[in-house]
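> Chains as they are written, first to last, in the numbering used here: chain A, 4 to 465; chain B, 4 to 168; chain C, 43 to 575.
A couple of the hints might just be wrong.
[To be verified] In silico DMTMM-like cross-links for lysine to aspartate or glutamate, where the CA-CA straight-line distance does not exceed 20 Å:
1) C/528 - C/158
2) A/24 - A/88
3) B/162 - A/428
4) B/162 - A/149
5) C/164 - A/428
6) B/163 - A/428
These are computed hints drawn from the structure, not numbers from a lab.
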Amino acid sequence: MDVIITISLLAILVLYLGLFKAAKALLPVTLVGLLVALGLTFNHWDLANNTKSIFSGMLLFNNFSVAFSALAIISTFLILMLSKDYFERISANVAEYYTIILFALTGIIIIASYHNLSMLFIGIEIMSVSLYILTGIKKRDYASNEAALKYFLMGAFSTGFLLFGITLLYGASGSFDLTEIRNYVASSEEISPIFYAGILLSIIGLCFKAGAAPFHFWTPDVYEGAPTLITAFMSTVVKTAVFAAFLRLFYISLSSVTLQEFWVPVLVVLASLSLLIGNITAVYQQHFKRMLAYSSISHVGYLLFALIALSSASDSAVFLYAAAYTIASIIAFAALMVVQKQVGNDSFDNFNGLGRKNPLLALTLTISMLSLAGIPLTAGFIGKFMMFTGALSTYHTALTVFAVLNAIVGVFYYLRVVVAMYFKDAERNELAVPVYFKIVLVVSTLATIIIGVYPGFIADLI
Amino acid sequence: MNLFYFIAFLSIFFSLLVIFSKNPVYSVLYLIVTFFTLTIHYILLNAQFLAIVNFIVYMGAIMVLFLFVLMLLNLNEDSEPMKSNLIKVAGVVAGMCLLVTLVGSFRALGDSDPLILKNPEIGLVKNLGKVLFDEFLLPFEISSILLLSAMVGAVLLAKKDPKKI
Amino acid sequence: MSLLSLLIFLPLAAGLLILVLPYAWQQRYKYVALAAVGIQVIMSAFIYLNFDGNAFSGIDAKSKYQLVEQVSWINLQLGRLGSLQIDYFLGIDGLSMPFLVLSSVVMFIAVLSSWEIKTNLKGYFALLMLLNTAIMGVFCALDFFLFYIFYELMLLPLYFLIGMWGGARREYAAIKFFLYTLFGSVFMLLVIIGLYFSVQDPITGNHTFNMLHMMNPDNYIPGSIFSALAEQQIFGIPARLLGFIVLFIAFAIKVPIVPLHTWLPDAHVEAPTPVSIILAGILLKIGGYGILRICMSIFPDAAIDSAWWLGLIGVVSIIYGALNALAQNDLKRMIAYSSVSHMGFVLLGIASITAEGISGAMLQMISHGFLSTMLFFLVGVIYNRVHSRYIHDFRGLALIMPKYTTFIMIAFFASLGLPGFSAFIAEAFSLIGAFTSESVNGLLPRWMAICGSIGILLSAAYLLWTLQRMFFGKTRLMGGEDWKSKLTDVNGREIFVLTSLTVFALLLGILPSLAFDKMNASVLELIRLVNLK
């Protein structure tokens, strides 16, 4: 709870700083505030892992929440480090942007620690409303406007589905509380049919937010139209948060065997569709940002594996995968921002010859691509390994084989950037990489390799 | 019971009119009527607070605002862009699927007895307030963040940029 | 830190050292690399001399391995699935020790031939050292997960080495090589996970990635997917057979066997000489080693069932590779196809599952390691001088490069199986194994051995024909006088490399017991394990 209060107060503080024209102080204050929040998060760390829910069952801040909140805060921290001089180029209202990002983070922390469906809804709304605005902050850019409107309409639509689903779950079980819903499932002899409809609608609503196929159609346009920094935020932190919510709902409330028989096939279909559509369309992209957008759909497919093979190991699997994906994506987006700013265009050709001129940038981007592709000794491999292990342990052999084939396709398009950077020569100038970017790149790359070589130290967090 | 069916018929009828009328202004007007029928539903359910809120906020404030916006933007002509038939068919199929799911699950409930509230007082302002400020205090308070962020965002998006880029 | 870890991580340390050294010293990077590899050669020689081949036969018992290291590496609690226990588990036996010696020697030669690399030396030597680490790791790893990590780790440096320092179509060759190998290995990962769920550590009761536990049928959980008794099926195919096939394909792509060999000529042609040397000298052997160490030992029942097919693939590779080599104009491409042909003998020998056959296959891999290194080095010598490798561009080279011609004659005669050289013993043993198989265990029909010997005939044909076309007759060169002045005879460094390789090939040909003594016990132990089912 103190984390939520800290971050929302921080947001208001930043808003006031903007009012008093303390533009220089905005970023440092935000970063320091996030560090404080991170410290408070770890304060909730409980070795025995038997935390009780608080506020009459509204929030449960257990190790699961600590891990995901920490991941969200750290990645927001890294992304905000990239924001130096970024918002200034868009407009003068910099403080408001930081405020809204922080509000979105508040929503994300609520999502990671909810124990009552009403909190889930409010958390998702806070996050989404902030994101609608952030998507559209480039007011003079048509792509950004279109993305914001599209995202708003689709988002409102999907929230409607989610809300309807929650209502039906409530109608059947008589409670919003996750434990109560589980008790209802366990105690009733025959589960009410509207409960099933509720599950379906919640899956649709959450898949919309996570961007799983076939509810993915908004992602490419929105990710491309939104300012790159916001895209980085959306495709990493937000996705992770939605999966934390997904996992919590299904693991606590809907994990009984009879229910699994119902929703596992649905998720299998969604996962395979996401893998297929995400990977196949990503192959045909000529632009780095759009490629990342499509490939993020395929990553949702891999993440769904943890739900399909739901067990107590799922949380650490999702956490590892999400952490690996988030860190690698941040590197990719940081590199993208550098290239976009100085070249103006992000097609693959603009990466030609980068390996010679910017060795550090090229090396870190290579490692991030390898991690996203799931090559051993990077964090992405451990994530994929955990997902496949889980799926095979529940005998989803065909699905896993399909996923492996997709992983090979993934390697192919992720390596295109690497090929462009190292194998193709081009006359180009060295890109200037600001110090903040260098820090983010190096820290994230180190994290990717450390998790890849010795995953124990973060997987045991949950 | 007959009253319920009559009102339910009216709600469906008017909501269909909302979709099918070509002129957006008529649509909004029908929407207001639809909301009005919903208000009657709330009263039938003995949810007085919701009924009043629905009446004042949705029917009164928001819909009137809608109407103003439509009139100011001068959208009363038939300017709907043509959608391709494929999208229409896909939309109909998807909508029907959802309808079948919902109707199926509601039918399977087999509960056609008139709903009798166990606690008829539940929809009263007093009881609602008790729940809201006791059990659901946290979501209630947290909503403030939602409103604040929406407000900041609305100002941000609507404000004129002094800097010309 | 024992000897094996030192052997594995010494090049990595050298690579990191190269990375931090300033650019101004880039002419010295190669000496750092050479020093690291030189120490490796000395260490592997030390290991070879102290290796007791009889008392420690290895294969399926930890106590019979030498220089064993076992440290817990990754330990994740997975709730219902138990804990994920991955060990850093190294050890060598008669099957892996010869390859350590081979790899360090070939690496040494590869570094020596890297004198030709002129661009981006820092990246080049760092990647070469990383590759070295991965190769050593593959031969030492006894934990399947660790093996997989090293196996995949080989891919990346090679990908960059081919893609950045390669020829005109390097990009295509690099991605083709990468995707082919990755295709095999990701499915291998699935089998590894399946095996992990099927096998229990007999002491702790946890699932395990330990290869030695996977070789013992008693450790399989009853009813698990790869348990021999449960006879599970996946997609209608017996699970154990499917597991064997998947692992076999993964390694067979590396060997390479005939339908999956197409990456090899492209990779060889585009790769710079040192990388070609490593590819032919070491990487192909990893395929054979993997089949022996993993496919045969973990799935012996499936191996016996599919021995006939393995033999057939071997024979097809021998003949097809040789016929293709006959038709090539590019010298490097010809040698690449001859590798396919020679590695076919390895497969044939392995498929026979006789002591002669497997010993022959092992020796063939080692001998081919030295000989193909020598051949690619020789190609590199002329390519460096005139940047052409086409056979018909040269004629009568013997007159202007007599020393070079001597060496190339040695290399050619050695690889076509002249008695006295290692390849003769190796091919003879493989064929004897294939021939006696019918009477010993009835796995391979005799005609396979006979067809295999036709391959020797064909290899004599293409090698001698090439020799005649390129080296004899009047000197006539594509580039005229310009080339003539550039085509100087081999220098001291090259003579050193070529002589030492000749010595190895001769030594193994005259005294094959140098290798056989060290690996005999392991080979017999492997055959016992396979026949045990």
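> Find the hints from earlier in the document that the structure breaks and name them by number, from lowest to highest.
Structure breaks hints 3, 6.
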